Each structure stands twice: as structure tokens, then as C-alpha cells.
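Engineer: Listed below are the residues making up each chain.
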Amino acid sequence: MTTTDIVVIGGGILGASTAYQLARAGHRVTVLERGAPNREGSGTTAGNLHIQGIHTRRPGQAVAADNLRFLPLQRTASTLWSQLPDELDADLELTRNGGFMVAETPEQVQELHQKFDLETQLGLTCEIVSGDEARRRMPALSETVIAAEWCAEDGYANPLLVTPAYLGAARRYGAQVEAFSPVTGIEHDGGAYVVRSGHREWSAGVVIDTAGPWIADVAALAGIRLDMSPVAIQMHITTRMPLGTLTCLVQHIGAGMSVKQVGAGNILIGGGWPAEAFRAHGRSRVATDSISGNLHQAAAVLPLLRDLRLLRTWAGPLAATPDEMPVIGEVPSSPGFFVAGGTYAFTLAPLWGLVLRDLVEGNSPLEPVADLGVDRLVLDAVAHQR
Amino acid sequence: MAASEDTVAPSRLDFDAVVVGGGPSGLVAARELATAGARVALIEENSELGGQYYKRRRGQVLAQYGDYRPDGTSLIAQVRHAGVEVFTNRLVWGTSTDRSLLTTSTTSPDAVRFSARAIVVAAGATEHVVPFPGWQLPGVMTPGHAMHLATTDAVRVGNRVLLAGSGPFLLPVACALLASGTEVAAVVEAGRPLRPSLRAAGSLRHPGMLADLARYLTILAKHRVPIIQGARVHEALAQGNGHLGAVAITHGQVTRTFEVDTLATAFGFRPATELLQLLEVDCTVDATLGVPLPVTDAHGATSVPGVYAVGESRGIAGNKAARVRGWLAAAAIRDRLGLPTPSAQQMRAHLRRSARLDAFATLSSELYAHDRRALLQMPDHTMVCRCESVTAGEIRAAARLGWNDRNSVKGATRAGMGLCQGRECAATVSGLVSACTGEPVGCQPARMPVKPIPVSAAMALEEEIA
Ligand SMILES: Cc1cc2nc3c(=O)[nH]c(=O)nc-3n(C[C@H](O)[C@H](O)[C@H](O)COP(=O)(O)OP(=O)(O)OC[C@H]3O[C@@H](n4cnc5c(N)ncnc54)[C@H](O)[C@@H]3O)c2cc1C
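Order-wise, the sequence lines are chains A and B. 1 is the number of the first residue of the first sequence in our numbering; add one for each residue after it. 1001 is the number of the first residue of the second sequence in our numbering; add one for each residue after it.
What the hints contain is simulated information worked out from the structure, not anything from laboratory work. Do not rely on the hints blindly, as some may be mistaken.
Unchecked claim - Listed next, the stretches of chain A that the computed footprint assigns to chain B, with coverage defined by at least 3 CB atoms under 8 angstroms from CB atoms of chain B:
(1) 27–41
(2) 160–170
(3) 250–260
(4) 282–294
Said to hold, decoys possible - If the Cβ cut is set under 7 angstroms, some of the chain A residues that face chain B in the computed set are:
(5) Val177
(6) Ala179
(7) Glu201
The model shown is predicted, which means the values in this text are computed figures rather than measured ones. By construction, the Cβ of each residue, glycine as well, lies at the ideal position given by its N, Cα and C atoms.
So that you can see chain B by itself, here it is in the shape it has in the complex (with noise of 0.2 angstroms):
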């Protein structure tokens, strides 16, 4: 079914609205809009629909383990049912003045506009990790990958897994790799959410979270998996083969090595706001992820009519919250199109369960809080700009030469040059940039191609003209 989804003959295509990304906040605001009647685009890069969260199983390991979270595969069922007219395998890349959003095929290079009365951006997010020594051997990486491989993909991670970071993303990556048969060796949390405390007691109005934390640590207890809390990784070790194979923690002045082949970390997400930018919403910075945030109201409606931001693309909320914001970027959409809208019950309902998702999500990054200027005093040596080869040092140097800022110091370091567009290590020079000159963070701007596209996609923007 993706193959014919993938070529596309018209180089301009119209819509009543235009959804990028095909995850759970997508496919929600694709399936609303079209049940309304629009004709509604869904955009997605990857062959499948389903996003991170809701990522399909295939061929053997589909027929061997079943369906992976069949109410993915239900909500995609209705997206198809409803009459999205879906693009797999299709990148935006860009746009353009006129807010037409600039895409290609990432299997045949191609160049297809596509422009729509609205235009809502469930982009998603990226795991956020911050450098550490030892961070690019074999046999690091982060939860959302070791989720990926032990649940989608059902293989073994590793023989023995050090989960390490903060959030609460740790927990059931941790039960997934139990369940595939993995060792977890510990799981190590930057913050303290599990003590007692004022804060911990207002996750007590939301009790279905609660049911699912105590679900989580009932799994960690009954395998004697440690959550060792307030602690750090300070460094990766190498075997003599060059693979992982010890992990050093920092837990208040003791340092703990783990004999460990895997190593999952990363410190929660970071929405993937590039689009956005490109399409020049107003932003905030999140200060302690050094990331633009959009400003949106309610519904997800940015400062540019007709541009909408759902799912984790509005901030990191999790995955129930990312389907209420599809429904209610839909609802507004559907009354700016002139289509019936859902009930004032109906709407007063997901708002007040967004709402309450939210608070949900602040209280969680309040429970998980943690020391981030202690994550970004890795030594000097220390890689953060993989593409590049930059280091911590190079751009602690930068930022102490007195005239740069954040963006001078990509010029000054090329640190967020190469190939990840600074995907991985932006917000990690933002910090550190921001720890040397006490200036606030500050963002490295999204630029055209959102991701890197095949020259001869670029020139068939013109082909298209002739």
C-alpha cells in the first residue's frame, strides 16, 4: 500500500489542510478533519504510519509477535477509512513565502508543493541527550531506540543494560527489556521522583499515571532492578575491543562502575520544532532544554493564522496528551474551514482533559527536576558535535573569547554544522554557551533543508515551473 503512496505526479498539490507526521497527535488531527469532511493531507517520512509511539511491526516479526499497541494500528484503520490522502515516505523540507510546504520523496528525489488553508505540524520530538566522555562507543544509545529494538523490533538489546538519564520514559523502557528477556542492570535517575514530597502528592489527582508508575516499579522490584536516584553517568568505558563495557556513575560524591555491553540514556525530549520555525510562529525558549517553543493557544494555533503545533511539536506532554491536542487542532481547523465542529460538550471535555494532561506533564518535569548545570560540566575533552568533531572545551573556548554568542559560536566551532543540522548537540551548546557567559540560552535557528535532501530534489522545485 506505501509504494503507490510514495510517487506523486502533480508538483502542486492544494488541500483544506495539511498535517506533517503521521504519530499519534497526527493521525488524530488527519482523522477528525477528514470525518469532517476536509480534504486533508497527511505527510509522513517514514514507509509506515504510526510515529515513534505507535511505530508498526513488519513482515516475520509482525507474523511471529502479533500486533505492537493494536490501538495504533486501529487509529491508522480510521485515518485510511476517513479519506486522508496519505504521503509515506515524504519529507518537508522546507517552505516557502507563500507557507506552501517545500517536500520530496525520500525514495525518488521529486519536488511536490503542498498548500492547504491550514497547515498543523506534529513533528514530534527527539530524545535529548547530553554528552557525556565515552558517549559515541558501541553499545550507547538512547531508551527510545532500546524501546524501539526490544518492543517493534523484538530483538535482544544487549546481555546486561545500564538505563540512565531522567524522566519517566526510563520506567517502561526498563520493562520492555526485562520482558525481552534483557538484564538491567540499574536504572539510574538525575532527579529524585520517588521520595516523598509535597510535589509527588499532587500526582494523587492523576491516578491512571499512578496505576502505571506502581505497575512499573512492581516489575523493577520483583527482578531486583535498583533505581538509584539523584546520580549520574560521568563516564562510558570502552572494552578492549572498543565496545562498551563499564559505565561509571557519579552519585553524590561516590562514584559506582556498572559492568554493562549497553548503555540507554537520554534525558527526556525535545519537541522538533524546525517547521515551525521555518514557518516563523512566534517562540519561547524552554530555557532548561535550550530549545523554541511555540506559542499557541488552547488548540494548538500559533501566532501565524492557520498554522497549528500538536502532539510533542507543542511541547513535551507524552502520548495520550498528543491525541487530545490532534482532536483539538481539528476542532479549531474545522470551524476556521466552515465544517461541523464537535459539540460544546465534547470540545469543554478535551480541553479540560488537555489541561489536565499538561499539568500532568509540568508536575512530571517538576518531580523529575535535576541539577542540568551539573550534566553540562563534562570535561573539556568531552565530543558534543559528533558531525563536526567539536568539543565541549572548543566551545567553552568560543564562548569565553568575550565577543561571541550562541550563533557565533556554531560560526566560531562549527559545532551544529554537519549532517544532523545540531539535531543532537544544539541544545547541548546552547547550555554550555549559556553556562560560560551567563547570557540566557539561546537557540541555534532551524535553516532550509529541514534535513538533508538530494540535490536534484532542490532542482526539480524548478523542472516543476518550466
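With the rest of the complex left out, here is chain A (with noise of 0.2 angstroms):
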């Protein structure tokens, strides 16, 4: 058996990066990943880092997110991706060349505003731009475009370079990372919890449960129900084209879109569309309907992609919770037990690093999270207090 401080369970971005800040702060910590890091959620992620308020619903989704509790997340994200390649030192193809939010509707339009107003409050820096402006800015738009928002601060990182970025790092303050590693029991000692993986074992007064789409098994192992169920979306990606051709991220305020060019010159074509049902070994199948759904929409708004080649297509899997918001915060039935996940969590994966940072030291976290807490998805509690 190892005795350590933290046992950090998934080694997708949430993991890496919360691994990261706390062996920065001195902790011992160890990674224990199934496989290898970084080839779920966050390896096969579109990597936008989403500043302005989000579009609300995925394609199929049920429950809209609530976008204005994301905003001061997504702010003070935004303020940590700019230190993080520096942070990190490596080089993360960090791109921050804005983003425009498009409408095609009246209706869509009127949402627009409403999102600039909250976006305004809480001092996000945002404009509204005609469809002619946007068009004068990125002639790549087509013409339906009647007005779009623009954020500077929207942006893309590489997501095959992050989290390897924040491992290695963690890797450098002392962190022990296990790649195949996956943990298959976990029980709780009176005072310490011991975290098995096949016949090794590790003990440690914290666990933290990233493992993303597997998150609610993981707290399963540790008696913990969790109401989270995994799901699939899908990528597509086009052929290399010359620098320039999308000069920013571009997203769709009505429909499951976001498009960009990437750093190899590729053009990137997501938006939340279903893949297949979600396989918990191995790739889920891309969706036909949605390789040609995602398309036509981006090709709406971007009639260019139509010339294009389409290069690859894969799903990749996401923890949805059933009200779609982010779950952060320690188990209160297991002290000591940590889980972190749910939508979005490319973007405020250094947050999130941060906040749990704190939680496990017992302090305030940068930006409050408490309404976020885990008690609103464990099953048992829930039916406990009826």
C-alpha cells in the first residue's frame, strides 16, 4: 500500500489540472487514470474556451443550461487561460481571436441582446454588430447572418497539448502519475480512504473523482450514487487550409454550432451534436444524421465549408448532469470525497484546478461555488431526507 495526501482519480483535463495545483501547493498527490490520460472528454473535445454567455442547448438536450450562472466562471476562467501557457510553459496553441455569436431570426436576435445585457452587468465586454458589420469583419459569413455578437476573448486551445501540458507539470512538483491504472475499488478505513487498482493499492485522506463520463461509477465504488449519465458527441474535422480562411471562432445562438480554424490550418465543425449511444469501452460510432445535420448548419452560416473536404469524423464522451450545470464540491456524506465534472469543463478546467484547490485546503474557493455542490445529484441523500 502507498500512502499519499490525494488520490486523483481520471486523467482528463479536470484531473491533470486539479492534480497540478494541488502538488504545486505542496500535496502529495497521485494520478490514477484507466488508460491513458487525456483520450476521452478532453482528448476528443472541440477545445474552445467559451468566454461570451454559451449557447444553451445541445442539440437533443432537454433542460437549457443556465447560462448566467456560467458567466463570472467563464470571466475569471478567461483571466486564467491567459497566464497558463507561461504557467504551464508549454506551448498550448493558445488562440484568443474572439468569437462572434450569430442570428439568423428576429427572435434570435432579440435572444442576443438579452444575452449582451447580462453579459454587460457582469462586465463582460461584448458588442452587437450588424450582419453587414459582422460580414465587413469575416467575409466568410453568409448572408442570412442579421446580426451576431462578438467577444474578444473567445477562443480556442489545443486540446491534445493541455492536458499533457498540465501533467507534466504536476509530473515536475512531484505528482506520481499511473497511466492504466483503472481504479476498481475504493473503501473508507475510518481514517483514510484506500483507493485500489487491480492489487495495488493507495491510501489517502482525500479522493477527488474526475473520471468524466465515468464519474457517477467511480463514486459508485465509494457507496456514492450519482445522478449523471454519460453521453456522446461528435467532431468533424475538414482538410489543412491556408491560414485565414475563419479568422475566429464562430458559434450559432439558435443551433447546436461552433466552427474555427485550428493551428495546423484544419477546420474544426462541432456543436454538441449526438454521436451514437454513449460505449463506456471503447469509441462510440459517429452519428450519420449528425455528420449531415452539424454540416448543414455550419454550411449556413459558412458557405465556404461546402468546398471543402471533409479530413475525420469521432465521438467523444461527456458527463451531463440533469440540470446541464457543472457539479463541483466534496460528497457531504464522505468527507474527503471530491468530485468535479459535468458540461463545459474544457473551459474552466484551470478554474476548476484552482477551486478544488481550496475546497481540499478548506478554504474559500476564487469564485463561490457552493450552488454547484454534489448534494443536488447524490441519489441516496436525496431519498434519505424524504
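Mind assembling these two chains? They're in different frames, but the hints should get you there.
Structural biologist: What follows is the structure in C-alpha cells.
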């Protein structure tokens, strides 16, 4: 049995950023990752840094996310992202070229204005421009765009680089990264948690569950039943185009769509379109209808996409909460057992790492997160109260 | 004739059987099925049927040099005569969960889904190229390409050519080059197939193959082309103009240099299994090649009911085996579809012949066995993934990080993420990772689209629904 201070379960961006913050603060940290790190949500993500208010519904999403609640989190995350390449001493292909959220109908324009008002109240600098002005700035936009909201802080970081950079930095601060170590059991022996992977064991006062789509499975090992369900969504990428083909991120206020050109020149097209059923092992399959649906949506706003070549598609898994809001905090019934996951975890990862560090150390976090705590998702506790 | 086959109006087509790939195995499978009364679609990405082996001559070349491999011409004629619906210039780029095949025309983007009670994958093979410093120079090509230039296109490949790599294919290519008037400096073979051994004695059971070999060796001897065994290319060197000028080979402890303007090199073939992977048939990993191989029965039936692998897609065994495999799959499918089946006697004869050809393929790969690990010891600066410019050193560094496996090395380096989807480098990346981590060789999984397609072709899938 290895004794350590903290065991982080899951080597995605949340586990990596949390391990980094805790190791940097002087704690002994072990990251246990089922397979190779960064292969699941964090390696398959679109990698957008969503700083302006989010589009509230993925295609097929039952409940709309509360985008107002996200805004202060996004704003703090935005600042943290700006410092990240220096902090991790790594090239993350961080680009902050800004982003448009476009509207094609009068109702959507109205929605843009409502969003804009909220953002302004919260101190985020955004701008609403006419369709013509949007096209002047980005000629690739179609005639159907009648207005767009511009946020200069929107951007992108290369997901293939970020999590490995976090893990590398965590390792420099002494964290142990144990890949190919699926957690198979978690017990509490009064004083500490004993975390098992096959015949190996770690003893730690604190366990952090950042297992992404498997977050509920890992919590269940500790006897905690969480109301979270994994889903798979899909991405599409074109062959390389000359840089400057698209100058910024483009999203849609009324539909699932995010399009941008990445550093290598490929154009990445997503928007949360559903893939086939989530698979716990191996990759979920891309859904044919979502390929055409997402591409139609994107090409309506960016007609030049029609003339490009589709290079590859893939599905990625995501942990969804019933209210579509993130979850972060200590499980009330299991002191020392922390959970973090849910939507927009890529954008929020630098923040969630710091917040978890603060919560573990018993300090008040950089951003208040009590309302995003685990209680609302603990199934057994809900039952007990009744 | 091909023009009308390119464009298909209906966006969903249903057949008794769909055959993907118009090479020897696909042609035979399609003919046998159609002759028995099945409605058969044969889909081929190229503009002509024939595949690699029966590649067609066209236009002036055909007029001047005559037909190339006339048995291919007659096989294609039989296929058409049997009533097979032929779709040339059509790429199968993906599959749906209902097991329909997603296709587009390669000349004008569209979307046509093919569904069938039986799917026959006859997608052929790719040449197995293992990178070495200088392999990207102009003047370096694969033996298959050299063969194509010398035979189908009847053009001179170069003034002086070195053939290198491994496998029985190098010899007929050398002969074809000689016949086209090109000088062949040497055949550099990594294995030692031509030394007396117990294994070699096994080939006595395959007299036809031995006769071929003897013929090739006689031609090479007549032209004084040396066959250097147990040797491999270690670097290709450029001339002042950037074109290939010389090739250095390692032969035991000795290095030799050949001044040549062309190098044709590959280590045999790798089965094309992308479509089989997308259809989710059970595969094993071919540890020497680092590619998935479908698990099949003697008829090519895979683990997915109604999906068959034939030809080189089922495992490398050559053109003769491909034809027999096509026949055997068709026989099983005819049974499945309730159509007349061949006689028990014919069936036994084909099964026996197929087993014999498979045994010969195994024997041949044993005869040509060579140290594949040595091939993977190319210097760190060697470019491995040409599409994304990733070197052997970068792949090794990612593999040695301690937390990467085969697939995360792809993510960490971008090797295999480019235009060719890893068709060229994936097996080498697998080998390099395995050499660094000591883990068994893994594979890069296939993704849709199998080859890049126009965005508008993918969009057309929906116009069809609307
Ligand atoms: C296609 C797609 C596009 C997206 N686009 C965006 C975007 O543009 N912007 C944005 O902000 N967010 C986006 N998201 C969401 C965001 O990327 C993810 O929410 C985030 O990456 C999740 O990170 P994570 O660390 O929580 O989980 P993951 O990255 O999924 O990591 C969880 C890890 O836990 C491991 N694990 C599971 N079980 C065990 C076990 N028993 N023992 C040990 N380890 C285990 C897994 O192997 C995995 O590596 C997108 C997600 C997807 C799928």
C-alpha cells in the first residue's frame, strides 16, 4: 500500500489541472488513470474557450443550461487561460482571436440582446454588430446572418496539448501519474480512503473523482450514487486550409454549431450533435444524421465549408448532469471525497483546479460554487430526506 | 461506359449483395453471385474495374501496346455479362449503424446509401513501406507503382533502378522493369529466401510457384542483376538537384552504395481493413505488420452476419488466392440467400485450393522472414508521418513518456492524423511504439470518412432524407 495525501481519479483535463494545483501547493498527489491520459472527453473535445454567454442547448438536450450562472465562471477562467502557457511553460496553441455568435432570425437577435445585457451587467465586454458589419469583419459569414455578438476573449486551445502539459507540470511538482491503472475499489477505513487498482493500493485522506463520463461509476465504488449520465457527441474536421480562411470562432445563438480554424489549418466543426449511444469501453460511433445535420448547420452560416474536404469525424464522451450545470464539491456524506465534472469542463478546467485546491485545503474558493455542489445529484441522500 | 456509372439518382439502393472493390476477388465474387441470380452491386473507387492486379490500359497505350493481362479483361466482361450493376468512380467512405454503406461519387459529390443482405469487402491492400532517411525524395517509389508505370502505362521508370525491401513481389517487378528497358542495379532483399533450407523444401509442394520463381531468377541472371539477401536500405541520398542520386544499403557489417535515379521499395503488402473495422467485425492484430486482420471462416465470413472479407482484405495471399476467396464467399452467400449453390465437389476443390494457397502464403512469409525490429531502428530524424511531418524521434519520445499507448501517441504527435489517415505510417508508428514500450503492437483504428470526401457529399446525406 502506498500512502499519499490525495488520489485524483481520472487523467482528463480536470484531473490534470487539479493534480497540478495540489502538487504545486505542496501536497503529495497520485493521479490514477484507467487508460492513457487525455483519451476521453478532454482529448476529443472541440477545445473552445467559451467566454461569451453560452448557447444554452446542445441538439437534443432536454433542459436548457443556466447561462447566466456560467458567466462569472467563464470570466475568471478567461483570465486564468491567458496565463496558462507561461505557467505550464508549454505551447498550448492558445489563440484568443475572439468569437462571433450569430443570429439568423429576429427572435434570435432579440435573444442575443438579452444575453448581451446580462453580460454587460456582469462586466464582460461584448459587442453586437449588424450582419453587414459582421461580414465586413469576417467575409466568410453568409448573407443569412442578420446580427452577431462579438466577444474578443473567445478562443481555442489545442486539447491534444493542454492535458499533457498540465500532467507534465504536475509531475515536475512531484505528482505521480499512474496510467493504465483503472480504479476498481474504494474503501474508507475510518481515517483514510483506500483506493485500489487491481492488486495495488493507495491510502489517502482525500480522493478526487474527475472520471468524466465515468464519474458516477467511480463514486459508486465508494458507495455514493450520483445522478449523472454519460452521453457521446461528435466532431468533424476538414483537411488543412491556408491560415486565415476563418479568422475566429463562429457559434450560433439558436443552434448547435461551433466552427473555427485550428493552428494546423484544419477547420473543426462541432456543436454538440449527438453521436450514437455512449459506449463505456472503446469509442462510441459517429451518427450519420449528425454528420449531415451539423455540416448543414455550419455551411448555412459559413458557405465556404461546402467546398472543403471532410478529413475525419469522431465521437467523444461527456458527463451530463440532469440540470446541464457543472458539479464541483465535496460529497456531504463522505468527507474527503470530492467530485468535479459536467459541462464546459474544458473552458473551466483552470478554474476548477484552483477551486478544488481551495476546497481541499478548507479555504474559500476563488469563485463561490456552493450552489454547484454535489448534494443535488446524490441519489441516496435525496431518498433519505424524504 | 464508365460515365453513366458515375451518377446515380436514387439515394438509397438495396441489393441482395454489395461487393466493395473491383479487383480479382471482388470481380469473381460479383460474377458468381450474379450468375446464381442475385442482384449484385459492385462498387469501385477507380474509373475502371480491375483493381491493382488487373489494372486497365487505356487510350493510346492500349492501342499501341495491346491489352495487359487479358484474363482480367475477360473476367470483367463476364462480370458485366452476368448482370452485375457496376458503380465505378464511387467511394465507400463509411457505414451506418443499420450496416448500410455510405458512398459518394468521386467525380460529382453525392450521397448514395447501399444496403444489402450480404456485404463483401474486397478492398485490397496497401504496400508496406517502412521509412528510412531520404524516403521522401523524388525518385523513391513503391514497387507496385514502378510495376504500374512499366506495365499498364508502358513508360520507363528511370535509367537505373534499385529494388529493395522484401517479398516475392520484388522479382516480377524487377523483370517487368528489365522488359521495359530499364536497368536494374540490384534486388536488395531483407530476408534470405533463396538459400537451401527445410522451409524452402516446403515450396516443392507448390510446383507452379516454383516455376514462376525459376523464370524470374533466369531473367535476372541473364541481365546480371545481383540479388543481395539479408540486406536493407539505410539511406537514400539526393543529388544536387534534389532528386534521388544514390542509395546506401547495409549488408551485415558492410555498407554499399548504388548510384541510381530510382529506388522502388516496400516490404510486401498490408491488408486494407478500414471498412471491415467500421463494420465492427472481430479482428486480431497482425503483430508483424501492426494492422488489424479480420477473423474469418474458410469462406471469408466474419463475426458480423452477412459481412465477408475476401482477397487481400482477408490477409495477404496474392492474386490467385484472391480469386478463390471471392468464389468461396459467393458460394456461402448464395447459400445464405437461398440461391443455387455450387456442387459439393466444386466446393471441396475450391476449399482445398484456397487452403493450399494460404499455406503457400504462410510458407512464403516464413521464407522471406527478416528482422523487422532492425527496420524500425531508423534514426530519430527520419520522417515517419509525411502528412503531418512527424519524425521517428518525436514518436519515440511520446512513447517513452510513460503514459502513452499506441493511440495516445497519435494524439500527442499527430502522426497518422493527416490526409492519408495513417494509411502510410500507422503500421510504422505501431511498431515504433511497441519497440519503445515493450507492449504488444496495437493498431490505429479506422475513422470515417475512410478517405477525405467533399463536405458537400456528407451534407447530401441529409438532402436525401428531406
Ligand atoms: C466532442 C466534445 C466537444 C466539446 N467541446 C467543448 C468545448 O468546446 N469547450 C468546453 O469547454 N468543453 C467542451 N466539451 C466538454 C469538455 O471537453 C469535457 O467536459 C472535459 O474535457 C471533460 O474533462 P474531464 O477531465 O472531466 O473528463 P475526461 O477528459 O473524460 O477524463 C476522465 C478520465 O477518467 C478516466 N477514468 C474513468 N474511469 C476511471 C477509473 N475507474 N479509474 C481511473 N480512471 C478512470 C477516463 O479514462 C478519462 O481519461 C466537449 C466535449 C466533447 C466530448
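Engineer: Look at each hint and say if it fits the structure.
Structural biologist: Going down the list of hints, with the structure as the test:
1. Proximity of the segment 27–41 of chain A to chain B, defined as three or more residues with a beta carbon under 8 angstroms from a beta carbon of that chain, is established by the 6 residues found.
2. Three residues within the 8 angstroms Cβ limit are the bar, and the segment 160–170 of chain A against chain B gives 3, so the coverage statement holds.
3. Only residues whose C-beta sits within less than 8 angstroms of a C-beta in chain B count toward coverage, and the segment 250–260 of chain A has 0 of them, not enough to reach three; the restraint is violated.
4. Under the rule that three or more residues need a Cβ within less than 8 angstroms of chain B, the assignment of the segment 282–294 of chain A holds, with 9 such residues.
5. Annotation: interface hint on A/Val177 holds; nearest CB of chain B at approximately 6 angstroms, less than 7 angstroms.
6. Contact between A/Ala179 and chain B, as hinted, is supported at the beta carbon level, the nearest pair being about 4 angstroms apart and thus within 7 angstroms.
7. For A/Glu201, the shortest C-beta to C-beta distance to chain B is roughly 20 angstroms, which exceeds 7 angstroms, and the interface hint is violated.
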